[in-house]
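Input sequences plus hints: build the corresponding full structure.
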Amino acid sequence: MPERVDRDGTPAYRFLGVEVTRREAAFLVLGILFLFVIPDIASLSDSLQLSVIHQGLLFGFAAVGLNLLLRHTKLTSFGHAAFFGTGAYATAVLARYAGVQSVGLLLLGAIAAATVMAAIIGVLSLRHTGLYFALLTLAFGQLLYAIALGQSALGGSDGLPIRPGPANQPLLFGTAFSPDVYQVLTYYLTVVVILIGLFVMYRITQSPFRNALDAIGQERTRARFIGLPVRRYVWAAFVISGIYGGVAGGLYAVVRQYVRPEGTLFFLRSGDILFMAILGGFRTLVGPLIGGVVLVFLQDVGQDVTQYYEFLTGVVLLILVYGFPRGIVGSLRSGGIVNTRLSELRREPSVLSTWSRNAVQSIERKVAESLTSLRIILFGVD
Amino acid sequence: MAVTPTAALVQTLNGIQFGFILFMIASGLTVILGILDVLNLAHGELFSLGAYTAIGVFGFIIGIIGPPGGGVVGTAVFILAVLAAVLVTAAILLPVGTLFEAVFLRQIYDRDQVYQLVLTFALLLILLDVKKFIWGDSSIRTDAVYSAINAIPTSELVGLNYPTYNVFVILVGSAVVVGLFWFFERTKTGRIIRATAIDREMATAIGVSTDRVFTLVFALGAFLAGFAGAMAVPPTAATLEMGTNPLVLSFVVIVIGGLGSLRGAFVGALLVGVIRSWMITLYPPGEIAAPFAIMALILLVKPEGLFGTWGETA
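Chains A and B, in that order, are what the protein sequence lines are. Residue numbering for the first sequence follows the numbering used here, starting at 198 and increasing by one per position. Residue numbering for the second sequence follows the numbering used here, starting at -10 and increasing by one per position.
Everything labelled a hint here was simulated from the structure, so no lab data went into it. A hint or two may mislead.
Straight-line C-alpha distance at most 25 Å; calculated SDA-like pairs for lysine to any residue [what the hints assert, rightly or not]:
hint, chain 1, residue 1, chain 2, residue 2
1, A, Lys271, A, Arg429
2, A, Lys271, B, Ile97
3, A, Lys563, B, Leu88
Below you can see the structure in the form of structure tokens.
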């Protein structure tokens, strides 16, 4: 049962090691309830599709895993689609060639494959930090993409269907369901997996392990001198984050019942996953998840509105990098940029004209600067 | 399958030709990476922007001078036209690079590396759709024009049947390599750039404007990418996705050669180009995987790359 504790003067509750204030508890309960009623909301409106939100949650879940590396060890992996794709393809191969029908077994297979893959890629790329690491993870991810494209056993660019057994679908609780029911049931499965995953991630980020990772992220050499087995810890974090990707990929395969290299392994997907973490706010726990839903929703809507939806995503990214580097969740928090600006605006509405003037001025300045640079490059220093 | 010496020679030449293209892309990337400390994910898009622009410029020039004529004069005029198109393209890419650096990149050098990745990724997405907007969705083929070049039998002189355009690429590529090394070793600007790369603070102290050096370096990188794109387009078609593969391959090249080392990029590019080309005849499925296999092997033996010293290891 929840136990009352005191946190910096505000009453808080502790349950299963999760410590929340009353306000946070309300948000938590509301959030979980919201996750569970999404299928009902989606059935009311045509513009909101369950499959889109579902896909966003899955990619966002992979981003939650990536965030463990990004937030604490300051390592930027640009190849996380590798684990997502490994999970998805492991599921597909098990279903197709081993005839495995149970969703649980398929997911276990996905986890095992992603763990092995993360262990191997981790050993090879974690010798490096910074850009070299980003480059290596990207290259390994693209290698897997190349393999999936090149092997006819994996279906090449057509991909693999996941329709095992006479029921032509993976079985939940040993039973086959109609497509509509299957969609909703797998959604609930995803929600449960995500809640467990978030809980585990929360516990990790409350543990000494997280402190060790933080220390490593700030200063590797010093971390080694105080006796931390740096390489092994970072490797463990890498494998954990890979497992999150693998689970997400396995679920994706089970839900979509089809995997293609383009949708799971391509390096643009790695970019998406990284972007989701930043978009949602990579200094927060649930940020990547929300970033995932928002990004996939944005791409889906963008695809309906215009054929130039990549442009749209790019512009959102630019706004994010310059205007809201803390991401959605980070900016909405108390003390975040949105709250600060809103309270300023409430106090003094005329501040709006100052903001727009400043924005115009800074753009003008940038253009003038770049024209000067251009002139210098073309004609030399005056 | 029996491999005749001639076939082996042709494959090797193809590999060298691809290696030169790869070097032009990777050199821009490695210079930007070594000096600005930014991994420019939009580099592949600059490359393909170069390819698309070159087709337009070349078509314009051909429209003025008419179809390729026969004889020595016709050949010379035609090759000069190609060269002019390539140079014009690269010159167009120069201001694009300048704008990118001055408007977007300059503001975020002191931020976390992840923001630089996200920013260049955003530029990648934007450039992708700009290309789609200007040139449309379908690929553009150019073999009609360029097959005229290949009809000129240069290599017949030594008794070998080899496309003239590839010879042209190898010659121009060699010129670029020599030019780049000369630029960095012998010219004042090149030395200033190297000084900035080695010690940014010291360079500032002796009066180097790092802002200008950074802009110059990025513009140089864009120039090289555009040049490579313009040279690479003829044998194939220009497609919207053409930027991805060279980008990733040039990452491999940089890792093999060592971060920030121009010499490493050169050796790595030729190595990847030739081995990839051999794989096409020996074991086709290995074509895509071979460069990565070389990369993994070199990382295991020599983690800092063949000529690298700047890669951080831990």
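Tell me the numbers of any earlier hints that the structure contravenes, in ascending order. Those not satisfied: there are none.
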